[in-house]
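> Listed below, chain by chain, are the residues.
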Amino acid sequence: MRPFFLQVAAVTLINLKSIPRRFWLSLSTVVAVALVVVVLLSFLAMANGFQHTLTSSGADDVAIILRGGSQAEINSTVSREQVRLVEEGPGIARGPDGKPLASAELYLVVDGLKRSSQTKANLPLRGIGKDGAAVRKGIKIVEGRMFNPGANEIVVGRALLREFQGLEIGQTVGFATSRWTVVGVFEANGSVFESEIWADLPVVQSLFNRNNIFQTVRVRLQSATALEALQRYVEADPRLKLDVKSEAAYFAEQASQTSDLIHKLGWPLSITMALGALAGALNTMYSSVAARAVEIATLRAIGFGGTPAFIGTLVESLLLAGLGGMIGTIATSLVFDGFSASTLGASFTQVVFSFTLSPALIGQAVLLALAVGLAGGLLPAVRAARMPIVAGLSSS
Amino acid sequence: MNDLLLIRKNLFRKKLRAILMLFSILIAFLIFGVLAGFERAFNAGEDVAAADRLMVVNKINFTQPLPIAYVNRVRALPGVRQVTHFNWFGGYYQEPKNFLIVMAVEPESYLQVYQDQIDIAAGARQAFSRERTGVLVGESMLKKWGWKVGDRVPIMSNIFTQKNGSRTWDFTIVGTFVARKPSVDTNFMVLQYEYFNETQNLGRDLIGWMALNTASPSDNDGVAKAIDQMFANSFYETSTDTEKAFNKAFAAQLGNIALIVALVVGAALATILMIVGNTMVMAVRERTREIGVLKTLGFSGGRILRLILGEAVLLALLGGLPGIVLAALFAAAMETSVGNFIPGFAVTPGIALKAILLMLGFGLATGLIPAIAAMRLKIATALGRS
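So the sequences go chain by chain: A and B.
FYI, in the working numbering the residues of the first sequence are -4 to 391.
FYI, in the working numbering the residues of the second sequence are 286 to 671.
Hints in this document: simulated from the structure, not taken from any laboratory.
We put the CB at the ideal spot given by N, CA and C, even for glycine.
Among the hints, erroneous ones may be present.
To be verified - With beta-carbon atoms standing in for the labels, derived distance ranges:
{"no.": "1", "chain 1": "A", "residue 1": "Val330", "chain 2": "B", "residue 2": "Asp455", "range": "50 to 60 Å"}
{"no.": "2", "chain 1": "A", "residue 1": "Ala4", "chain 2": "B", "residue 2": "Ile304", "range": "48 to 58 Å"}
{"no.": "3", "chain 1": "A", "residue 1": "Asp255", "chain 2": "B", "residue 2": "Arg588", "range": "50 to 60 Å"}
{"no.": "4", "chain 1": "A", "residue 1": "Asp255", "chain 2": "B", "residue 2": "Glu483", "range": "50 to 60 Å"}
{"no.": "5", "chain 1": "A", "residue 1": "Glu230", "chain 2": "B", "residue 2": "Asp455", "range": "50 to 60 Å"}
{"no.": "6", "chain 1": "B", "residue 1": "Asn482", "chain 2": "A", "residue 2": "Gly161", "range": "32 to 42 Å"}
{"no.": "7", "chain 1": "B", "residue 1": "Arg366", "chain 2": "A", "residue 2": "Gly63", "range": "36 to 46 Å"}
Throw the hints in and build the complete structure from the sequences for me.
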């Protein structure tokens, strides 16, 4: 076996050493594959980042209660009576004061100015009660302070601030006849809440003429398994025509719609582009085989087998494609990883998210690159292995 | 032997290589055609918008309501020709995933204001005004769900409930309408505002937004200012904009689609520019001796230049044109399946023309370097090179 491996190694080395002779053509294959990888990875990172933002918003042990069939917070309405009944339900964790940890909230849409396009976009204004921050985990004021109860004050999510202007601390914004002052910036573990504006619930209710109207109730459960008991309780009461979901399930549903759509655009586009790159790779490898016809034939004449020629050509192709995949990955991670963007989410408001690469995504992209290399090398490699010696030697 | 024959012979001298290049060019222009069609459909709202139409929405956000009383006050302003109003119904059919565009409108004024976009038979128009539970369903929505005029359809709302607690409204389809322009989407239904206002349980006498036609586009600014001033400092302040600006801002909410399209198309074209450009250089270099022979036969440098540029342009057109045709076929096939999501998805003559210009530019770009090299080639060097 040893001579066989030596033959393979020798032929492969000759292949690789001859690449500089076809420098520009080889480079074009590398660049073509790299661009395919950039396109694929950008779409995948976009979908992943969006999904990550939404799924990190939902906790298993927080239940969200909406009007039956309303699907999204913006469509829901819940009465004061219903809020009271829900708070009496089983399985709800209690705060230090012994009262159930529940937050009845109002979810309104207001206009904000998007920095990138300078156009108006829908931003969520959430009126939260005193337990609003406590029901959620990881809420942290990072600048300024929380709004004071009863005041026309708002706090804004850090991600929102990145994409929308006019909401910096100290600025005032007008909604209808009321003026509001931005007093703080909060973080929420990069979740969708960071794309929101928060204010005191009773103030929002009165200034938006929604007295005694709520849209959702969020409760902290004693544990994730307590959800079922609460669901049964709500179902049993005819006054509560409400849907009870874990917050995690609620956001996962919303995340899948948009990220599925991005996948459905990104994959076909990348595969189509990969076919174009494949044509380039085939072209390069056939040229490589043609350029080395004399070499290959000479090697065959002195006793080398066809297989080393086959493997040598395939390795050259895989190497070029692999290099392209690597360059594409590095370029994407330099340019797009962490790139901030916002789109309209299922609640009809802007969700700010960052493109997020992951090893699994990079793996998929590199596989696509190698597939181009494999497919692009296979036929030329067969030609190299089967090249008739006499024709090869006379081909100059 | 004329030049065209020479060009063709040269191009297909190595068949496999030519086919591979044609294929990669085809792919690039397929991507260009599909994405350009997608982008155009995405921004169709801007094309559809009438120059003399204004949208009046709540200044806080267009999802916030306005009082119905505003309609008459706007109607009375000078420069306002017709005005109508809408409520978003949040409709779906049977299951939430069967999302429908359903709006409550005032029949007469709605059909007047939007007569530039939709065409409706006189009988249907009258029936819609008369029948309290009647709805008009656009042609493409009828087709999509297999409904016909006369059907009773249960439509559910994810926002409103009836006074009796039911979320379902039973409507009768009293007529249909068709688009007056291909870019108008008819995948929606309208119901009577009066009936809606009486039966739903959330906030009486409120509307979602108004649309109006001005006497002339030159009145737009003045009318918009007058409306917003009239309602300034009230609880319901308004924001008035042209339909075009409103649609544009709405499309921008989804994201910078134009930028994404430009980047992907740019990547696709850059890829084949590299591949084809390099292959052309190589192909011409292989023919050095022949070019020397041609020059010996008296072919001028300019003619050689034209031959090679012609070859590159022919290659681009032979690859690009089928790519655009394929994109058009793809868009036509997709129109029925994704019509709900992106109405008006098509490769228009404008896109095709842009593609052809791109092909010409692409051919010149890939052919220029080898063509100039060949033009400058000295006979002695050419024949001396083995």
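> Each hint needs a verdict: does it hold in this structure or not?
Going through the hints against the structure:
1. Val330(A) / Asp455(B): 50 to 60 Å: 54 Å, holds
2. Ala4(A) / Ile304(B): 48 to 58 Å: Because 34 Å falls outside the window, the suggested range is violated.
3. Asp255(A) / Arg588(B): 50 to 60 Å: 56 Å, holds
4. Asp255(A) / Glu483(B): 50 to 60 Å: Given a distance of about 40 Å, which is not inside 50 to 60 Å, the answer is violated.
5. Glu230(A) / Asp455(B): 50 to 60 Å: 27 Å, violated
6. Asn482(B) / Gly161(A): 32 to 42 Å: 36 Å, holds
7. Arg366(B) / Gly63(A): 36 to 46 Å: Given about 43 Å between the Cβ atoms, the range holds.
In summary, the structure is inconsistent with hints 2, 4 and 5 from the numbered list given earlier, while agreeing with the others.
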